[in-house]
Amino acid sequence: MKRIAVVDTTFARVDMGRAAVRALQAQGTGFRVVRRTVPGIKDLPVACRQAFLQDGADLCLALGMPGRAEYDQTCAHEASLGLMFTSVLEAKPIVECFVFEGEADGPVALEALARRRAEEHAANAYAMLFRPQSLARHAGEGLRQGFADAGPVRRTR
Amino acid sequence: MKRIAVVDTTFARVDMGRAAVRALQAQGTGFRVVRRTVPGIKDLPVACRQAFLQDGADLCLALGMPGRAEYDQTCAHEASLGLMFTSVLEAKPIVECFVFEGEADGPVALEALARRRAEEHAANAYAMLFRPQSLARHAGEGLRQGFADAGPVRRTR
Amino acid sequence: MKRIAVVDTTFARVDMGRAAVRALQAQGTGFRVVRRTVPGIKDLPVACRQAFLQDGADLCLALGMPGRAEYDQTCAHEASLGLMFTSVLEAKPIVECFVFEGEADGPVALEALARRRAEEHAANAYAMLFRPQSLARHAGEGLRQGFADAGPVRRTR
Amino acid sequence: MKRIAVVDTTFARVDMGRAAVRALQAQGTGFRVVRRTVPGIKDLPVACRQAFLQDGADLCLALGMPGRAEYDQTCAHEASLGLMFTSVLEAKPIVECFVFEGEADGPVALEALARRRAEEHAANAYAMLFRPQSLARHAGEGLRQGFADAGPVRRTR
Amino acid sequence: MKRIAVVDTTFARVDMGRAAVRALQAQGTGFRVVRRTVPGIKDLPVACRQAFLQDGADLCLALGMPGRAEYDQTCAHEASLGLMFTSVLEAKPIVECFVFEGEADGPVALEALARRRAEEHAANAYAMLFRPQSLARHAGEGLRQGFADAGPVRRTR
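Chains as they are written, first to last, in the numbering used here: chain A, 58 to 214; chain B, 58 to 214; chain C, 58 to 214; chain D, 58 to 214; chain E, 58 to 214.
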């Protein structure tokens, strides 16, 4: 039985963790979800390391929603570096799912974007553990999470 | 008995450490506070590592107040990366609490902001060690430290 | 028998992995290709580490296509740092091959650039493992991948 | 007997190392100074690691003077990250003392600034090893090195 | 017998490695040169780690020539961080010698700059291994590599 850690924040303004857990459970079985919630995105890396070491997680889904200020971009950059360092150190994937407040106009669009992106990253997380060949089949196809896929540069190949 | 290290600087212009310790003690019991003071924010990461290794800390609260100059932003970025690297290395949380001088106008507002943020991060630190479920209950609710909470994007869910 | 890992993404809009594998096979023999596909470039570092540890790779070719937005540049920077950290940690080369969408005008040019760059980095990867002296012979000659070589500053030496 | 390493550069335009050593010796006894000089600030991190491993240093004072160009700021940022990583790795303090050429107008002011900052960081280094409580007494008091102290936000507390 | 690794790239437009090796040999004896050539500057850090681990190098001289584009600055920054991380990890010096194409006007000036800087960094590398006291004698004297020395801020001390 694999374990997937869903790690989210109290800073985020949408409950992305709940959306991610539902999406994971809709993907299939064979895993158990463990949950951790931290204050902000800069607390995610150590929480992921603890999920690997203490909860036996095989993969972490790290969810966050940086604000609109320039400083929030800096925090997101720092958090991303920390998540990458942690995943390399543990040799286990951390799927980063960040939604920037400025990516959508208005609360309805922002909430929809955040949920959709969380769901699509959750599907990716499931595929990484259980169906890696499904990722391989879509290599170079311009897939996106949250917004519409960009698609391959040329349709005919 | 858990140990919480409160690490602050002589560079800061408000005694955030004192505010944090009081707030910690108001949260509950079951922990002992250890203190370290260093010159500036770039000295915080190694002081946290020493607090983990030498003082047996289970969590560090790292308090700093970068100045208004652009170079101070760079120093804060470097300090943040160091704090994140240290927490991942030790697999123990470091709650970073930085207040930028430019965030408030005038000494009264700056002092109030610094104390409030230190207090609210102290409450988070306590929750991370003793009441993680209280963080989980507020996942995605747009909580902030120092300023008013942003709140969830939509109130009705 | 050496092993070369070709790691690519579903985010990329050109199937650079296929171009790289063909180019590798055209270089010579003595190696086996292992494949991994991940969602985006920030997932490449841990996938390379897994390729080293789990697949016994001697070298990774990491292929990605960041988008046009400024945030994509940040992601590429983070991914690059992660790839470099991973290669140093493992003491094994990771050949990074990124194509930015903004580097070419129109789908035909972008696809041609992406394939050519993947092929030329694949040739470099082969040389690093099997013909290091061929790299040494071209030291300081202004070689480029994807675009025309810049050439040495002065032709006569 | 503690050991303090004073590490400086040939790139700097003021002999900050000499100023630092004198200031250290004026602070008190109980330590021996070890010296290392490297070409530039980017050579400081490994020199500090060598001072810890080979010279038995308990603390390093890393002195440098980046130039006026924008690229010098980048080098200083890289050096700072390297110094921080090294100190965390070794769990021993590295007191970074950088003076940017653009911080002062004219050679007399620049030299005075560089010496004063070196002296004040040396005093901090001594305090970190021998009088940590003296740092604790000044927590949050807005101390600065090289220029006048900013002081606490409010005098009455 | 010490070993000095000279690591260069096929991307560079001047054969800096050859200039460096000649300059090393003109400095004195007691060492053997080992050579590695990689495609670009981002491949230098792992090549240096391999030189330390596989070739028994005591010091690496890492030579590169980033292009004029803004992205080349980013690559140089990433390479520098990788080189610094590697040197700290191994506790052995890596002398970074980068020449940016935009630093000189025209091929003759660029080639002269690249060779001179490679030579002067080679002299530094030799001094770091065999004559550290010669570096110490020039602490704070404003030495530069490639261009004229800036000199100390004040001549009389």
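It is worth saying that the hints were derived from the structure and are not from the lab. The beta-carbon is built from N, C-alpha and C at its ideal position, and this holds for glycine as well. Check each hint, because a few of them may be wrong.
Some chain B residues judged to face chain D by a derived CB distance under 10 Å, without partners named [claimed, not checked]:
1) Q84
2) L120
3) F142
4) A171
5) R173
6) E177
Listed next, with one range per pair, are the computed distances between beta-carbon atoms [unchecked claim]:
7) R194/A <-> S191/C: 34 to 40 Å
8) S191/B <-> R79/A: 19 to 25 Å
9) T131/C <-> R125/E: 20 to 26 Å
10) R194/E <-> L110/D: 21 to 27 Å
11) P189/A <-> S191/B: 57 to 63 Å
12) F187/B <-> R79/A: 28 to 34 Å
Evaluation of the provided hints:
Annotation: Q84/B was flagged as interfacial toward chain D, and the flag is violated, the nearest CB pair being 21 Å apart, outside 10 Å. Nearest Cβ of chain D to the Cβ of L120/B: about 9 Å, under the 10 Å cut. The hint holds. Because the closest C-beta pair between F142/B and chain D is about 6 Å apart, less than 10 Å, the hint holds. Checking A171/B against chain D by beta carbon gives a least distance of about 8 Å; that is within 10 Å, so the hint holds.
The interface hint given for R173/B is violated, since its Cβ lies 14 Å from the closest Cβ of chain D, which is over the 10 Å cut-off. Proximity of E177/B to chain D is violated relative to the hint, the smallest CB-CB distance being about 17 Å (cut-off 10 Å). Evaluation of the 34 to 40 Å hint for R194/A and S191/C yields a pass: the beta carbon distance comes to about 35 Å. Between S191/B and R79/A the C-beta distance comes to about 23 Å, which sits within the given range of 19 to 25 Å.
Hint check: T131/C to R125/E, Cβ distance near 22 Å, so the stated range 20 to 26 Å holds. Taken as a hint, the range 21 to 27 Å holds for the pair R194/E and L110/D, whose Cβ atoms sit roughly 24 Å apart. Between P189/A and S191/B the CB atoms are about 37 Å apart, so this pair departs from the stated range of 57 to 63 Å. Checked against the hint of 28 to 34 Å, the pair F187/B and R79/A passes, with Cβ atoms roughly 29 Å apart.
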